[in-house]
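Based on the sequences and whatever the hints tell you, model everything.
These protein sequence lines map, in sequence, to chains G and V. One gets the numbering used here by counting positions in the first sequence from 1 and adding 16 to each. One gets the numbering used here by counting positions in the second sequence from 1 and adding 16 to each.
Note that these hints are calculated values from the structure, not bench results. Worth double-checking, as some hints may not be accurate.
If chains are identical, the list can't say which one is meant, so a pair holds when it fits in one copy or spans any two.
Stated by the list, open to error - No farther apart than 30 Å at their CA atoms in a straight line, the calculated lysine-lysine pairs in the BS3-like style are these:
1. K201 <-> K176
2. K232 <-> K201
3. K176 <-> K85
4. K201 <-> K85
5. K37 <-> K232
6. K176 <-> K37
7. K162 <-> K176
Nothing here was measured: the structure is a model prediction, and the numbers come from that model.
Protein chains: 2
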Amino acid sequence: MSNYSFEAALRKGQVLQNSEKPIGIFDSGVGGLTVFKAISELLPNENLLYLGDTARVPYGTRSRETIRKYTEMAAARLTDYNIKMLVIACNTATSASLPGLESRFPDLLVAGVIEPGAAAACAATSRGHIGVIATEATIRGQAYQKAIGRILPKATVVAKACTLLVPLAEEGWIDGPIAENVAQKYLSEIFTGADDPDTLLLGCTHFPLFRNILQKLTGPAVRIVDSALATASLVREMLAQACLLNQSAAPGSRQFFTTDNRERFMATGGHFLGELMPDAGVRLINLQ
Amino acid sequence: MSNYSFEAALRKGQVLQNSEKPIGIFDSGVGGLTVFKAISELLPNENLLYLGDTARVPYGTRSRETIRKYTEMAAARLTDYNIKMLVIACNTATSASLPGLESRFPDLLVAGVIEPGAAAACAATSRGHIGVIATEATIRGQAYQKAIGRILPKATVVAKACTLLVPLAEEGWIDGPIAENVAQKYLSEIFTGADDPDTLLLGCTHFPLFRNILQKLTGPAVRIVDSALATASLVREMLAQACLLNQSAAPGSRQFFTTDNRERFMATGGHFLGELMPDAGVRLINLQ
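Written out as structure tokens, the structure is:
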């Protein structure tokens, strides 16, 4: 992973081509690193900035007003770095804040994870029966239910908040009997044995870490849809349409901001990235 | 539970006797309600205010600087209500912030949960071998290890962060195989079969909810010490020494403040209190 300080570039007054400007990726903590990773793999030449608001994580159990306020503070900070696109890599934040962000930053490309995830699930479903698992706030806000309903009005959607999968992923307990029992306990409420979903949408960025366990529990016939991959495809499409794909052949730079407990961010983040985080590329910032 | 607005009393300019002033109890979320409950049962005539900082919970994975800042903001708010005593009913906050609070509020009685918990464990141990389970921040800060060392320098202390027990308690999964497997996985690192602790100190306010499971796993010979009960005794002792015990024969009032998601605070808080929270007694406030 190469690193580069956009802040240093800005200080030096270096002028970036529009297409060379970074993509800002925001999440409440480390979960959005699954989206970061998908974007990084699909668009290796893009310069990427990631901001994880670890001082106020988790957003998933907070009120919509609070989530909106926190997300807008983080988005405003990312725009200081001259980004060409903002990706809200957090289901909870997307659900509460996306329309507000689009109107607040009219000149910026803004993508969330809900629409691409919902579209991918609608494309994947065979019988129009979709199960959605996410955090409490995402399920309560009904964002996936509504997005699927707009794309595929006849779809049947069952949704279940799987709160404990988030701390399990952060603890690194992503396989073994405990993870399996927890996942089973939640899934048993949407897979009851009668007219079960044919597609399971992972509506929380932490959940791709449990993909193997979830597939084992649902059986191979159920299609598991990961919004991280769907979001990366949408990012590429939006940049291409706006003629903002970075044409440079050099590998893009990666820089991480965290709002608290840098050591924990790096240690936990490694699970999600699937590789060690570069020490020099991780900076502690204050959003408050 | 009777309710009473101290704010209303202050607005009306009502003058309270010193001993009638409320006790302010602070926690990062709902965990401190186990301490609140213990104080409420031991001192039923005291007026109690509880503040749970649910907008920024959990503290247990945050840096010491951030924990200190958040705790001082909450303590300052509680002093607005003319409290006679401040109880930091949160191990993480006590560990990071107690000395700072004592110097910032020199005229206030201030108690944390670490010293009483450590003293109770030292009184309970037969062979001086104490296991401590708590959150990451409490274990990392070594507060219990140091407090036990001051009281019983020859004690052997083994400590283990049991991160997942916190969300498990809040999800209400306090018995059954998942809670048991999670607890077992953590305990197996301090109960290895050779020279095991004779006493287990519950160094997190959430953990008393797992007392039965923990006792089953350790076996009946291990003494389980709950800092909530020890803290309530200390509160009574400190108030008595300062001649500030409320002499009124009427049941004390109870009022709760939460900084976010009032509904969730009430629902989850009910698990910890062991009774429903009175709707009129719970108010949303903003600390930021």
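Hints versus structure:
Taking identical chains as interchangeable, the C-alpha atoms of K201 and K176 lie at most 30 Å apart whether they share a chain (11 Å) or sit on different chains (27 Å). With identical chains, the CA atoms of K232 and K201 are at most 30 Å apart both within one copy (14 Å) and between copies (23 Å). Taking the closest pair of Cα atoms, K176 and K85 come within 30 Å of each other only inside a single copy of the chain (25 Å); across copies the shortest separation is 35 Å, beyond that limit. Proximity of K201 and K85 under a CA criterion of 30 Å is satisfied in neither setting, with 33 Å inside one chain copy and 38 Å between copies.
For a Cα distance limit of 30 Å, the shortest separation of K37 from K232 qualifies neither inside one copy, at 41 Å, nor across copies, at 58 Å. Proximity of K176 to K37 under the C-alpha cut-off of 30 Å is found in neither arrangement, the shortest distances being 38 Å within a copy and 45 Å between copies. In this homomeric assembly, K162 and K176 come within 30 Å of each other (Cα to Cα) only inside a single copy, at 15 Å, whereas the closest approach across copies is 43 Å.
Of the numbered hints given earlier, the model fails hints 4, 5, 6; all others are met.
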